[in-house]
Amino acid sequence: MNRESLLVDTLVELADNLVDNYDVIDVLTLLSDRCVETIDVAAAGVMLGLPGGALQFVASSNESMRVLELFQIQANEGPCVDCYADGVAIINHELVDPDERWPLFTPRAIAQGFHSVHCLPMRLRGRTIGALNLFRDDVGLLTPSDVVVAQGLADVATIAILQHESTTSARLLNTQLSFALNSRIIIEQAKGMISQSATCTMDDAFARLRTYVRNHNLRLTDVATDVVGGSLRVGTLDRPK
Amino acid sequence: MGGYRCPGVNEVQVRAKPSGLSFVTPIDGRTGRISQTRRTRPRLCVLSSSVVVRCTRLDRLATTGSKLDGPTMFSERLLAIFAMMAAHERGGGERGILCSVAKEVTGVDATSIALSIDDASLIGYCASDAMARSLVDLEITVGEGPCSQAVLTDSVVTCADLRAPGVDWMLFTPEAVGLGARSLVAVPIRIGVIRYGALCFYNVEPGELSDEQSADILLMATVVGRGIVALQAGVEPETLSEELQSEAAFDFSVHQAAGMVAVQASISISNALVSLRMHAFALSEAIADVAARVIARELHFDPRIQEWIET
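Taken in sequence, the protein lines are chains V and R.
If you count the first sequence from 1, position 80 lands on 80 in my numbering, and the numbers rise without skipping.
If you count the second sequence from 1, position 39 lands on 39 in my numbering, and the numbers rise without skipping.
Hints listed in this document are in silico derivations from the structure and should not be mistaken for laboratory results.
Bear in mind the structure is a predicted one, so any value in this text is a computation, not a measurement.
Each hint can be trusted.
Here are a few chain R residues that face chain V, going by a calculated C-beta distance under 10 Å:
1. Pro188
2. Gly259
3. Val263
4. His300
Computed beta-carbon distance windows for the label pairs:
5. V:Asp86 to R:Ala164: 41 to 47 Å
6. R:Gln306 to V:Thr143: 56 to 62 Å
7. R:Gly234 to V:Thr211: 38 to 44 Å
8. V:Asn217 to R:Glu298: 35 to 41 Å
9. R:Arg297 to V:Asn217: 30 to 36 Å
10. R:Arg90 to V:Pro240: 51 to 57 Å
11. R:Ile305 to V:Arg219: 37 to 43 Å
12. R:Ile305 to V:Ser231: 28 to 34 Å
13. R:Gly234 to V:Gly230: 25 to 31 Å
Here a beta-carbon is modelled for each residue, glycine too, at the ideal position from N, C-alpha and C.
Build the full structure now, drawing on both the sequences and the hints.
Here you go:
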């Protein structure tokens, strides 16, 4: 499938998902997956922040520690932090150690096999609410058209935060942001419980959640809430195929 | 700000962003502060002798976390909140500190915090003044109101004018107006699935909060949430601001580890989070480090002997 078709499919799928009562973490995860496919990067993820709060990881194409660790570091330092603070995209930043700019992030990213990083700001009404972070493991640069696509996907991600609200008041946006951030925490709590009960990796735990959500047409956060609350037994979650 | 001292450290290397310039500068031995530097603000505090303090843009200040971690970035807003807490702690505010700070940060007329027990009933935790105290007591007495609604629906509850027709809470509203409240916002205090209660902001005039206030109320709710975990884990109220400032915000590993411990010990996720924090205290480690070891299965809680076991 050529890139154009992939992109059209992606946009249709996202539009399909952005209907009543969608789960924001699920949509952002889907978006991260599609980033990887349409822009030929190895991994993609989203970080969000409340004004005055810490930047927090909310979704990724890859839930392995290899990638999540890099978001962990980016609570303090890294492309997402800079992109979020300045509202300016970081494109084709080649990872070279030592790095004065990101002394902790860069060596870890290199150790995980990544060659370059890119970050697109998620902006709404003149405000940056988060960042879409991309990692390449090949040598080579993103093309200008890649960048256009990436920023477009970042813009869709931004709109997804608003949920079904049509107004874009700062108040509402902050509330929705806070809701998205808390939803991610629920999912992490559930991952921990599943990982312990089923003796599997966190990666696998997330996959089980997602598989159950797909198979039963439910919302990711709702299922995670039920797992943590005890009303949905971990054993009931289907193993991903 | 801060005022942390580092015995034995008499100079640090400072990296200024966004220029990337770095330079060595002396620390004032008495205050532990960097006195005069180019491109930095004088309000940087060094908490650890081994980590470089970085200053970023003018609206972000960095303080270092534990000696093991890299610097922990707190925004100026959060640092201002911690500074207000510290000031109130010095004044002996005790329990009322969180409410007083919530009021000071946002500039509203009154605030209250109510905690939920078993997701059902509320109890008053603190109030910034007599009016707020009466409003919380009222809500508890009549069994309805903004705080309980915020907790039940897990959403921010707003009322711009309690006198407007069609307002909810038939039992609460007329009485609340009588007590002097005219508008309010209740924010749920939560960490994932855990619902601690609600933080309520009251004004004596009708109207909505500003954009800035709306951001601050959410920020305050996260601080209160972390504060409650700390207090449950045994932190002394008068050291709360220092504790919160020295621990990073809980990253996802802490929540994952809490989930694991909840299953290991057959306890609620809320108790698991507190246990994790208590163990981190006992070991003098950062909670994120303890969490990492739990996730790596190097540390777990054995419910049969009620002990933490290292493997």
